[in-house]
Amino acid sequence: MRAQPPAEPADAPPIAHDIERPSKTQLKKASHELQDLGEAVVALPDDRLAGLPIDESLLHAIREYKTTRSHEGRRRQMQYIGKLMRRADPEPLREAVAAMQLGRAKDSLALHEAERWRAELVASDDALTRWTAKHPDSDLQQLRSLIRAARKDAAVVPEQRSGKAFRELFKFIREQADHE
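Be aware that the sequence shown starts at 2, since it is given in the working numbering, and climbs by one per residue.
FYI, nobody ran anything at the bench for these hints, they're computed from the structure.
You may find that some hints are simply not true.
[Claimed, not checked] Listed next, the in silico SDA-like pairs over lysine to any residue satisfying Cα-Cα at most 25 Å (straight line):
{"hint": "1", "residue 1": "Lys172", "residue 2": "Leu85"}
{"hint": "2", "residue 1": "Lys135", "residue 2": "Glu96"}
{"hint": "3", "residue 1": "Lys153", "residue 2": "Lys107"}
{"hint": "4", "residue 1": "Lys67", "residue 2": "Glu96"}
{"hint": "5", "residue 1": "Lys84", "residue 2": "Pro46"}
{"hint": "6", "residue 1": "Lys30", "residue 2": "Glu116"}
{"hint": "7", "residue 1": "Lys84", "residue 2": "Ala100"}
{"hint": "8", "residue 1": "Lys153", "residue 2": "Ser109"}
{"hint": "9", "residue 1": "Lys84", "residue 2": "Glu73"}
{"hint": "10", "residue 1": "Lys172", "residue 2": "Gln142"}
{"hint": "11", "residue 1": "Lys67", "residue 2": "Lys25"}
{"hint": "12", "residue 1": "Lys29", "residue 2": "Ser109"}
{"hint": "13", "residue 1": "Lys30", "residue 2": "Ala100"}
{"hint": "14", "residue 1": "Lys84", "residue 2": "Glu40"}
{"hint": "15", "residue 1": "Lys172", "residue 2": "Glu114"}
{"hint": "16", "residue 1": "Lys84", "residue 2": "Gly52"}
{"hint": "17", "residue 1": "Lys135", "residue 2": "Glu116"}
{"hint": "18", "residue 1": "Lys135", "residue 2": "Phe171"}
{"hint": "19", "residue 1": "Lys107", "residue 2": "Ala51"}
{"hint": "20", "residue 1": "Lys67", "residue 2": "Glu34"}
{"hint": "21", "residue 1": "Lys25", "residue 2": "Leu38"}
{"hint": "22", "residue 1": "Lys25", "residue 2": "Leu85"}
Between the sequences and the hints, there should be enough to build the whole structure, so can you do that?
Quick look at the structure:
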């Protein structure tokens, strides 16, 4: 004979048989997100990794991944990193990855801005007035000289251009933008 479970008293609260727990799909999705985060963390430079509050075993696994060369070894090590990530607090790692991506985006925007200024300064004298208004501390004599050289270089047949003047003008613009 089987033992019957004890009967519930009438005044007891109902037992929640349907406790909300994540579905298998939700667990897999969370696991894949952590593995993706692990891939992004592995891409961080070592100096950024050193400052993160992460478990020593996870840090060791990340360093091991970076030294692994075989495709299968890297794949398995990444799965191991994903497993270790389940025990770690993902928020500091997400913040570090986001900060790194934001830094790259800012660098990219700065390059595009410098390229735009260079094109405008070579194309028009009005751009020099706008540049002066935005960057009053610039060495205008040097900037005018660089613009003249870049315009001269642009007027030469493409096969005979050196591009040196364009590079120097770009460098000047970047340096001035960095000082701001």
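Tested hints:
1. Lys172 with Leu85: Violated, because 45 Å separates the two Cα atoms, which is more than 25 Å.
2. Lys135 with Glu96: Cα-Cα ~33 Å, so violated.
3. Lys153 with Lys107: With a Cα-Cα distance of about 32 Å, the restraint between Lys153 and Lys107 is violated, given a limit of 25 Å.
4. Lys67 with Glu96: This hinted pair holds, its Cα atoms lying about 21 Å apart.
5. Lys84 with Pro46: 21 Å, holds
6. Lys30 with Glu116: It is violated: about 42 Å lies between the C-alpha atoms, which goes past 25 Å.
7. Lys84 with Ala100: 24 Å, holds
8. Lys153 with Ser109: 28 Å, violated
9. Lys84 with Glu73: 17 Å, holds
10. Lys172 with Gln142: 16 Å, holds
11. Lys67 with Lys25: Violated, because 31 Å separates the two Cα atoms, which is more than 25 Å.
12. Lys29 with Ser109: Violated, because 35 Å separates the two Cα atoms, which is more than 25 Å.
13. Lys30 with Ala100: 24 Å, holds
14. Lys84 with Glu40: 12 Å, holds
15. Lys172 with Glu114: 12 Å, holds
16. Lys84 with Gly52: 22 Å, holds
17. Lys135 with Glu116: 16 Å, holds
18. Lys135 with Phe171: 16 Å, holds
19. Lys107 with Ala51: With Cα atoms ~23 Å apart, Lys107 and Ala51 stay inside 25 Å; holds.
20. Lys67 with Glu34: Distance of about 20 Å is within 25 Å: holds.
21. Lys25 with Leu38: 20 Å, holds
22. Lys25 with Leu85: Given pair Lys25, Leu85 holds - Cα atoms ~19 Å apart, limit 25 Å.
The structure is inconsistent with the numbered hints 1, 2, 3, 6, 8, 11 and 12, although it conforms to all the rest.
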